[in-house]
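**Q** Knowing the structure of chain A, use the given hints to seat chain B on it.
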Amino acid sequence: MPAAKPSTREAFVELARAELDGRDPETLITQTPEGIALRALYSAEDLQGIQHLDASSGQYPFRRGHRATMYTSRPWTIRQYAGFSTAEESNAFYKRALAAGQRGLSVAFDLATHRGYDSDHPRVSGDVGKAGVAIDSVEDMKRLFDGIPLGSTSVSMTMNGAVLPILASYIVTAEEQGVPPARLSGTIQNDILKEFMVRNTFIYPPAPSMRIVADIIEYATLHMPRYNSISISGYHMQEAGATLDLELGFTLADGLEYIRAALARGLNIDQFAPRLSFFFATGMNFFMEIAKLRAARALWAELVRERFAPADTRSLELRTHCQTSGVSLTAQDPLNNVVRTTVEALSAVLGGTQSLHTNAYDEALALPSERSARIARNTQLILQHEAGLAQVVDPWGGSYFMEALTQELSDRARAVITEVEAAGGMARAIEQGLPKRRIEEAATRRQARIDRGVDVIVGVNAFHAPEEPALELRAVDGRAVLQAQRQRLQELREKRAAGAVESALAVLREHARSGAGNLLEAAVSAMRARATVGEVSAALADVFGRYEGRVHTVQGVYGSYYEGDAAWAALRARVATLRTVLGRNPRLLMAKLGQDGHDRGAKVVASALADLGFDVDLGPMFQTPAEVARQAVDNDVHLVGISTQAGAHVTLVPELIQELAKLGAADVRVVCGGIIPSADEPALFAAGVSLVFGPAAKLPEMAAKLLALLEHSNEAE
Amino acid sequence: MTVASELAHAVCSGDRRALAKAITLAESTRPSERELVEQIFASIGQRAAPSFRVGVTGVPGAGKSTLIDVLGCRAIAAGSRVAVLAVDPSSRQSGGSILGDKTRMTRLSAEPNAFIRPSPTSGVLGGTAGRTQEAISLCEAAGYDLIFVETVGVGQSEERVATMVDCVLLVLLAGAGDEVSSMKRGVLEVADLVAFNKADGDRVAAADADAASLRASFSISRGAVPPVIVLSALADTGVAQLLGDLTRFGAAARADGSLELRRSAQRREWFDSALEEGLHELFTQRPDLALARAAAADSVAKGSVSASEAARRLLAQLVPARS
Numbered sequence: 000m001p002a003a004k005p006s007t008r009e010a011f012v013e014l015a016r017a018e019l020d021g022r023d024p025e026t027l028i029t030q031t032p033e034g035i036a037l038r039a040l041y042s043a044e045d046l047q048g049i050q051h052l053d054a055s056s057g058q059y060p061f062r063r064g065h066r067a068t069m070y071t072s073r074p075w076t077i078r079q080y081a082g083f084s085t086a087e088e089s090n091a092f093y094k095r096a097l098a099a100g101q102r103g104l105s106v107a108f109d110l111a112t113h114r115g116y117d118s119d120h121p122r123v124s125g126d127v128g129k130a131g132v133a134i135d136s137v138e139d140m141k142r143l144f145d146g147i148p149l150g151s152t153s154v155s156m157t158m159n160g161a162v163l164p165i166l167a168s169y170i171v172t173a174e175e176q177g178v179p180p181a182r183l184s185g186t187i188q189n190d191i192l193k194e195f196m197v198r199n200t201f202i203y204p205p206a207p208s209m210r211i212v213a214d215i216i217e218y219a220t221l222h223m224p225r226y227n228s229i230s231i232s233g234y235h236m237q238e239a240g241a242t243l244d245l246e247l248g249f250t251l252a253d254g255l256e257y258i259r260a261a262l263a264r265g266l267n268i269d270q271f272a273p274r275l276s277f278f279f280a281t282g283m284n285f286f287m288e289i290a291k292l293r294a295a296r297a298l299w300a301e302l303v304r305e306r307f308a309p310a311d312t313r314s315l316e317l318r319t320h321c322q323t324s325g326v327s328l329t330a331q332d333p334l335n336n337v338v339r340t341t342v343e344a345l346s347a348v349l350g351g352t353q354s355l356h357t358n359a360y361d362e363a364l365a366l367p368s369e370r371s372a373r374i375a376r377n378t379q380l381i382l383q384h385e386a387g388l389a390q391v392v393d394p395w396g397g398s399y400f401m402e403a404l405t406q407e408l409s410d411r412a413r414a415v416i417t418e419v420e421a422a423g424g425m426a427r428a429i430e431q432g433l434p435k436r437r438i439e440e441a442a443t444r445r446q447a448r449i450d451r452g453v454d455v456i457v458g459v460n461a462f463h464a465p466e467e468p469a470l471e472l473r474a475v476d477g478r479a480v481l482q483a484q485r486q487r488l489q490e491l492r493e494k495r496a497a498g499a500v501e502s503a504l505a506v507l508r509e510h511a512r513s514g515a516g517n518l519l520e521a522a523v524s525a526m527r528a529r530a531t532v533g534e535v536s537a538a539l540a541d542v543f544g545r546y547e548g549r550v551h552t553v554q555g556v557y558g559s560y561y562e563g564d565a566a567w568a569a570l571r572a573r574v575a576t577l578r579t580v581l582g583r584n585p586r587l588l589m590a591k592l593g594q595d596g597h598d599r600g601a602k603v604v605a606s607a608l609a610d611l612g613f614d615v616d617l618g619p620m621f622q623t624p625a626e627v628a629r630q631a632v633d634n635d636v637h638l639v640g641i642s643t644q645a646g647a648h649v650t651l652v653p654e655l656i657q658e659l660a661k662l663g664a665a666d667v668r669v670v671c672g673g674i675i676p677s678a679d680e681p682a683l684f685a686a687g688v689s690l691v692f693g694p695a696a697k698l699p700e701m702a703a704k705l706l707a708l709l710e711h712s713n714e715a716e
Numbered sequence: 000m001t002v003a004s005e006l007a008h009a010v011c012s013g014d015r016r017a018l019a020k021a022i023t024l025a026e027s028t029r030p031s032e033r034e035l036v037e038q039i040f041a042s043i044g045q046r047a048a049p050s051f052r053v054g055v056t057g058v059p060g061a062g063k064s065t066l067i068d069v070l071g072c073r074a075i076a077a078g079s080r081v082a083v084l085a086v087d088p089s090s091r092q093s094g095g096s097i098l099g100d101k102t103r104m105t106r107l108s109a110e111p112n113a114f115i116r117p118s119p120t121s122g123v124l125g126g127t128a129g130r131t132q133e134a135i136s137l138c139e140a141a142g143y144d145l146i147f148v149e150t151v152g153v154g155q156s157e158e159r160v161a162t163m164v165d166c167v168l169l170v171l172l173a174g175a176g177d178e179v180s181s182m183k184r185g186v187l188e189v190a191d192l193v194a195f196n197k198a199d200g201d202r203v204a205a206a207d208a209d210a211a212s213l214r215a216s217f218s219i220s221r222g223a224v225p226p227v228i229v230l231s232a233l234a235d236t237g238v239a240q241l242l243g244d245l246t247r248f249g250a251a252a253r254a255d256g257s258l259e260l261r262r263s264a265q266r267r268e269w270f271d272s273a274l275e276e277g278l279h280e281l282f283t284q285r286p287d288l289a290l291a292r293a294a295a296a297d298s299v300a301k302g303s304v305s306a307s308e309a310a311r312r313l314l315a316q317l318v319p320a321r322s
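First to last, the sequence lines map onto chains A and B.
716 is the number that numbering that gives the first Met the number 0 gives the last residue of the first sequence; the numbers go up by one with no jumps.
322 is the number that numbering that gives the first Met the number 0 gives the last residue of the second sequence; the numbers go up by one with no jumps.
Don't read these hints as lab results, they were simulated from the structure.
Please note that the accuracy of each hint is not assured.
[As the list claims (entries may be wrong)] Think about it this way: if two alpha-carbon atoms lie no more than 30 Å apart in a straight line, the pair counts; the simulated BS3-like pairs of lysine-lysine are:
id, chain 1, residue 1, chain 2, residue 2
1, A, K141, A, K494
2, A, K704, B, K20
3, B, K301, A, K661
4, A, K661, A, K697
5, A, K94, A, K141
If we strip away everything but chain A, and leave its shape as in the complex, we get:
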């Protein structure tokens, strides 16, 4: 009998061994952060056991696309996320973008608005107009959409915390343009679960927050048939450091929780499930990102069918928006970011996204300038019109590698979902801190891999540019915006009928208290009567209370990447020396000022410094300068580290230094890190800041500078 023909896999191993001069072909296997072992060559054997491989696009489980014709009949929507300063300035920006080929709008609000504070609230003085547009009332919303017909322009709004007054303002603005809710198309993010996990722009505790989500789904189901009542988001998880299996698993687990909340409201699955939409990040992990979108569609269809058995197949279809990754952008040699964004956009498109935002190359430094925003938009126009990407449905279908990767990622995500469901669903899992912990571990590992050069980032930890190009960055004058918003709030409060506002707010409070009635409906009445975003949020907080964030951290993960590293050991030795001189560990308070809830950076740095031997106090989120100063004094720290991502440092850090001086603690050194344009540095140094670290500062270098600062000030004593 002739010997059986060797399989492709066996043949490859044989050939590879010869090419590698005897090195084991096993060494070609790459371990991904998800824990997937990538082989050098995939073949037909890798497709064994994968189901529905022959299903068409538009057919269950929709791996190849939720609609049969996909981009061949309608290309993806170019939807750029933008907003800054006042409503007028953002409005002018939107009009220019629409004229230049953008298809839909996507509004970025400032952090004061996200957290439900009016611009004149004392807690938000540093945040107004900074990371998005400041909206305090229907009047601002009308300015934002002035001359933009809401009946024919789809509008996406990233809002979760103050979702009721913001969505209500949008509905009232449309109403006053003569457009009824039934004609509105677009998306409200309304995804509070991931806020508790990573993004932190919540206002109320989890239970009432979930009720708000369900009320919005209910209202939209009854009155806004063309509107996506939620955008279930994995984006911020990946940005916070989640690997792609975690991003996918946690996002779909959130989706299941929202379905249950809506069912509990008495809605039928087929009434609302077709209007659920999703939002994923696409980072630099090119193949895995394509696989993720394909896996997302199939896994969602499977899960919804297994658990809720809808009659309408549209309830099984996962439609998604994608955005290229913000954390993959670098401050160094920033034009490289155009290339990164292009690659990331490619994977979103090849994965079959319904709409896409491409980041601007200068976003690691500031809000996009006119020029960088244009190139970001053009990136998609070029892919759509010049590269022919919209001509074929799911070009990766049938690839041994892509189909196997899709299945493997799907299996891993399913395991994550099973774990969450076993914990009692996502709301319970969040209470137990499960997802947060998993994401933070992954984030710390990622940072350590970059700092050690295991992951190469061009221009950051390898292949440095000989000199950094000078860029023109957009700067927002927060004080001017604040001034303008204060003035408008005052005018609004003088002109409106105070009695009508009061009674509308009373109804809102009553709905909140009794659990009866729809909160969005009540918010629409209140905003129509010209209540402010802050007033509506405060009325609800009277009943629900304001939720304070939890901070979880991991220890030992960062340091474990440096075991046996001489430079790391030298840093540890310096900390030990300092310890004998100081009589205790060097102690640093890591604090967040203002309404910026991005805490990944702060926690990774805290974790690494603790691994080196620092004692690191973590302050609560959303603090005022006076509160941080008091914590620094009470804990008697040597250093205060301010982590800043949203521009508030310009105002708040100098205030912090004054507050420290007031308490007799001028000797406590203040250092800043995060997204700090170099143009801000002189003012920070002039105010007394000791060190400023950019977004790509490596942790060991950061630690060395902190130690030098402490060693020096101790000699001076």
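**A** Quick look at chain B alone, frame taken from chain A:
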């Protein structure tokens, strides 16, 4: 005025920065600062105003910090000044730690009448109790009359906190019945009050059942049953009752003299442990004694002399036996 008396004066007049600095000195591992601390205590003297010290212990995740946050705010509303000394776990590898207590006590940390100080547990192990005790005394000197000492529920911390406070509050997780039955007996024995936390939503019934079974087991093992309260710090239910029970416990202990008896026994224990620590230090720090100790240890290891005999001879070097 000396540095020490100036600092002591500032602490007593309620200066937060001075209090924070004094606690740092008390926690310092530098011998020169030890002297300064002794001088500070000498100028502070005895503080007459009554204070109540509550140790809060329980498994990680039971919600101790959140409970102290709500409890502390209520106590302040009722006229108290509240200090919280939190002892966190320490990474054994390098001696660094992450202290996140304030993130779980947001409301209390914003109160002007509250002082929250997390302390790393790194450094001398046996000395932790002494240092915490000094921090308690400094807070009392600064006018804080309700002192919480929060520990993490690992190793010996429950028993250790019992030697520092007037009352031990054990916080348990509602609806985790198995956890209670498997808990070390020692932990339950030192508890003066037990609170089942997170009894909200669908966990209320389970918490009530846990509380009932714990009361039953107490009545067998201890005779007198300590108060067992079912509450939710998050929903702020049952917390007022707990504060009432704590206040009553304090008043009764003060009235019947048991508080003073307990403190007096504790002072005796601190003296004993300070003496042991001092002896240990002598035999590790003073060069001649350290050498003698190392030599003796080697002989014991070789088996050429018995352990007890070697120890007796070594101690005799320190204090010649009277013959």
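**Q** If you test the structure against every hint from before, which numbers come out violated?
**A** 3 and 4
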